[in-house]
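**Q** Please build the complex by placing chains B, C and D on the supplied structure of chain A, with the hints as guidance.
Protein chains in written order, with our numbering: chain A, 1 to 270; chain B, 1 to 270; chain C, 1 to 270; chain D, 1 to 270.
Treat the hints as calculated values from the structure; they're not laboratory data.
Please note that a few of the clues may not be correct.
List of simulated lysine-lysine pairs, DSS-like, C-alpha gap at most 27 Å [as the list claims (entries may be wrong)]:
(1) K197/B <-> K5/C
(2) K131/D <-> K197/D
(3) K131/C <-> K131/D
(4) K5/D <-> K131/D
(5) K131/B <-> K131/C
(6) K237/D <-> K5/A
(7) K131/C <-> K5/C
(8) K131/B <-> K197/B
Residues from chain C shown here face chain A by an in silico Cβ test under 8 Å; the list is partial [said to hold, decoys possible]:
(9) R150
(10) F151
(11) T153
(12) P238
(13) F239
(14) D252
(15) Q253
The calculated label-pair distances, taken between Cβ atoms and stated as ranges, are [said to hold, decoys possible]:
(16) D140/B <-> D183/A: 51 to 61 Å
(17) H72/D <-> S38/C: 51 to 61 Å
(18) R173/A <-> R55/C: 52 to 62 Å
What you are looking at is a predicted structure, and each value in this text was computed from that prediction instead of being measured.
Glycine included, each C-beta is placed from N, C-alpha and C at the ideal position.
The primary structure of each chain is shown beneath.
There are 4 protein chains.
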Amino acid sequence: MRLVKVRRTERSHDLVDLTLDVRLEGEFEPVYVDGDNSLCLATDTMKNTVYAFARHDPIDYVEAFSERLSAHFAAQPAVTSVRIAATEHRWARLDVNGRPDPHAFVQNGAEQWTSLVVRDQSGVQVTAGLKDLVVLKTTDSGFSGFPRDRFTTLAEASDRILATSVSSTWRYRPGTIDYSARDRVRTALVETFAAHKSLSVQHTLYAMGEAALAASPEILDITMSLPNRHHLLVDLKPFGLDNPNEIFVATDQPYGLIEATVGRDGSSKS
Amino acid sequence: MRLVKVRRTERSHDLVDLTLDVRLEGEFEPVYVDGDNSLCLATDTMKNTVYAFARHDPIDYVEAFSERLSAHFAAQPAVTSVRIAATEHRWARLDVNGRPDPHAFVQNGAEQWTSLVVRDQSGVQVTAGLKDLVVLKTTDSGFSGFPRDRFTTLAEASDRILATSVSSTWRYRPGTIDYSARDRVRTALVETFAAHKSLSVQHTLYAMGEAALAASPEILDITMSLPNRHHLLVDLKPFGLDNPNEIFVATDQPYGLIEATVGRDGSSKS
Amino acid sequence: MRLVKVRRTERSHDLVDLTLDVRLEGEFEPVYVDGDNSLCLATDTMKNTVYAFARHDPIDYVEAFSERLSAHFAAQPAVTSVRIAATEHRWARLDVNGRPDPHAFVQNGAEQWTSLVVRDQSGVQVTAGLKDLVVLKTTDSGFSGFPRDRFTTLAEASDRILATSVSSTWRYRPGTIDYSARDRVRTALVETFAAHKSLSVQHTLYAMGEAALAASPEILDITMSLPNRHHLLVDLKPFGLDNPNEIFVATDQPYGLIEATVGRDGSSKS
Amino acid sequence: MRLVKVRRTERSHDLVDLTLDVRLEGEFEPVYVDGDNSLCLATDTMKNTVYAFARHDPIDYVEAFSERLSAHFAAQPAVTSVRIAATEHRWARLDVNGRPDPHAFVQNGAEQWTSLVVRDQSGVQVTAGLKDLVVLKTTDSGFSGFPRDRFTTLAEASDRILATSVSSTWRYRPGTIDYSARDRVRTALVETFAAHKSLSVQHTLYAMGEAALAASPEILDITMSLPNRHHLLVDLKPFGLDNPNEIFVATDQPYGLIEATVGRDGSSKS
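Just chain A, with the same shape it has in the complex:
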């Protein structure tokens, strides 16, 4: 469901724009097996509940709003687990005459912020994330030394374009959470991407994860998913031209998807 909240003050307005997804698990056998709906909370009721809760909640952090919602739903009959996933569509203030306007906004980038709150008998787990953060670097990226078997035709590359759409989620330690950690994690991811001397997407992914863990002691581990958005050098030799790393074609398919979770003990898996 979609929820937009305007926080109105005398001087300016703030905007929160969310897509929320509430899932309940529980002992619902009679609903499925017998068609007995006495335990089946209507999705329409769930929607109404979210709107009503949003009225007096500041929604300073979506994670905290989701936590409060999850407590309400966890108290319903037969429910054993509540998952609230949220995507925050981000708006920036419009600049007018060089100054941010108090009431006008622009959707600034495909990047979205995500959160997931899972509440069950064992407690609450909060995970934050971002997705669709598209970045590219034009140097400091290579890929060589990989195994060559009879199916290998790829040439080694010492200087290639590295482009990806970063999706990442990180789990917070249970307890009182400082949700502004998001800014530190994001800065660590992005600045490491830019600065790293990349020997592979995997190599850069690991460095990004390490930097995020170092910047944010409150996170347990971080998972990243980095699709390799290939930029292939165009062969201009048939036309009597060289191509000194200048003209590329960006391709959608096929692509490599590099995924790993980096944890405190240094473990990683592809």
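**A** Using the frame of chain A, we list chains B, C and D on its own:
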């Protein structure tokens, strides 16, 4: 990656149209931590391997082709687990003068067939499925008797439109598998959807799962995901008109997503 | 706007599923220049009008329903021209035990039917069409003899896969129109695609257009848009394998888009 | 086709990321009617030509690059008209430690820049534009005084959210064009959207167009397409809550699409 295979015989051609996704997990720490690529199979090599294997494989069933591919990749150094997910884009023969053409095809429906083969030290698990099968029934569907709290505004419905996009996956028992079970599973799902006196989406989902299990002893369990594509009755009273279940607006958001796995012991979860 | 109508009879139900787009042009300067809304029909009112008209209209043909709607809107103050574009999302009956079910439907194919009714002082022009009809043939298609300049690297092809997503619109002669002409046009397009010995996409497009004109004297001309969905032969020689027109990769970009209008006097333009 | 060009200097790199669409019209009857391809420039050749031209072109402005390309294609046999449409995918520099990185980029916003160059015997017409610029204001927007007929149920609104995705194109006067006019046009559009006391979307559209014309004497006229992305106030009264313009649901369908061209003589049409 995308793969199209044409099987050519004197009398006619067959067409297999796939999107394949090969994922390797393994002991790849040196790749991530040190940038040592000596264990890092290039995605380009993986792509070439699939094309080369496709040349002499009949690909009668995508599941069997994926199994053979998974054995090749599982034998690579450091690999501990191989996952091959496939989506089959289905083509039907074009009718010309009332007869199927031997060489011309039409993409008949959004419905796609999926499979997932996972191979690790414990063996091979094959899962088949379908997705984007959009169905609708105009009667024999209601929703009433659900709990009413202070956030409930939904009216009870004794006769509503039920529409959904069926996604389903089913796991096969290990061993020699008769992949034509797919046809029996699909028929059971679709015919139960049409015939069931539905008291809720959950109720119909369970009946569909039970029918699939009954029709196919070779499957262990079946998972279904049924988004409720709401068709809301339009209120025509302001214009002096009745609306005896005739005029509806189809809405995208918000919607309820009903998911469950039905197994042999009758267990279900929402 | 989305509109679903169920036609209910004792024996069975019929389903019409539309997306409608109503556009008015007119002498609306005061609305734009002065913010005077006294001539500005609210889009919400336009939506309500369509739903109210749908209640007692059989909607046997979307074209005829659009014509009736267009007469209503053309009579509003300041309106000089009305355009009603419709897309019909097609449903087929579900087969149960080999027989079509009276109340259950499946969305059978990406193909959609379109129509456009334009009404102004000069009269009414009705255009019908279809889109997203994806077809492919595995033989009887080549492309050779094209000009070779210093930028040409493409090899000549005597036997290639031809695949496209057909979009087509055809204009009806003014007057009483037999809208079942759609079936004849569609059959002519599809059967010609299958049977034609294609020397280029352009060549097949023209043959399809000629066949449609021959099959339907009530149409003035027909416009087709055929994107060339390239299927490239994979080079397997590096792996010691031949590829006798069997293994292809389907690519999205770049592609050629072939468009032309074929009229009664035989004129065509690219 | 997709084209990425990296301009490399000692100090930093620049990035141009384009989707280009080249269309030729001409006297191609033999291609269509007879399958004679001797006049049919292969799309593959067109693609190669663009890449070769890009090698030594600075592509400072896509409009100028398209003009040069159009001259080449207009000189091919049988060609009577060339249309080159381009979409520029914009990248911003990544900030690292508060400073823009010389080699790393982020895709900053859905907004894309478009251009269209049409060259035929009568000369060259250059049109520039932008699309997918999503903006929203939380105040200074109303809609009232519209006509009320028997189908009207919409309430008058004195203070509503106004949200839209701006698409706009503007035509340049023939001659030597200062393409940096784009910045002035964009600023005029955005700042007017923010500052305008809106009595309707149409009213704001016209003010935006007037501002753009005033800021850029080099443009002939400007066309805008503003879909009304409705934000509906949620009715919280059933839950005993007020809703002082705070909680909204953003809806996709149905929506109003407001389009007009504003020219130098003040003419507009809806």
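**Q** Each hint: holds or not?
**A** How the hints compare with the structure:
1. K197/B <-> K5/C: Answer holds: K197/B to K5/C is near 22 Å, not above 27 Å.
2. K131/D <-> K197/D: 23 Å, holds
3. K131/C <-> K131/D: Roughly 24 Å between the alpha carbons, so the hint for K131/C and K131/D holds.
4. K5/D <-> K131/D: Holds, at roughly 22 Å.
5. K131/B <-> K131/C: Status holds; Cα separation ~22 Å.
6. K237/D <-> K5/A: Holds, because 17 Å separates the two Cα atoms, which is no more than 27 Å.
7. K131/C <-> K5/C: Holds. K131/C to K5/C sits at ~22 Å (cutoff 27 Å).
8. K131/B <-> K197/B: Roughly 23 Å between the alpha carbons, so the hint for K131/B and K197/B holds.
9. R150: Given a least distance of 6 Å, the restraint on R150/C holds.
10. F151: With a minimum Cβ separation of about 6 Å from chain A (threshold 8 Å), the hint on F151/C holds.
11. T153: Interface hint status for T153/C: holds (5 Å vs cutoff 8 Å).
12. P238: Where the cut-off is 8 Å and the nearest Cβ of chain A is about 5 Å from P238/C, the hint holds.
13. F239: 6 Å, holds
14. D252: 6 Å, holds
15. Q253: 7 Å, holds
16. D140/B <-> D183/A: 51 to 61 Å: The hint (51 to 61 Å, Cβ to Cβ) holds, given that D140/B and D183/A are roughly 53 Å apart.
17. H72/D <-> S38/C: 51 to 61 Å: With Cβ atoms ~53 Å apart, the hint holds.
18. R173/A <-> R55/C: 52 to 62 Å: Between R173/A and R55/C, where Cβ atoms are some 59 Å apart, the hint holds.
The structure fails none of the hints (numbered hints given earlier).
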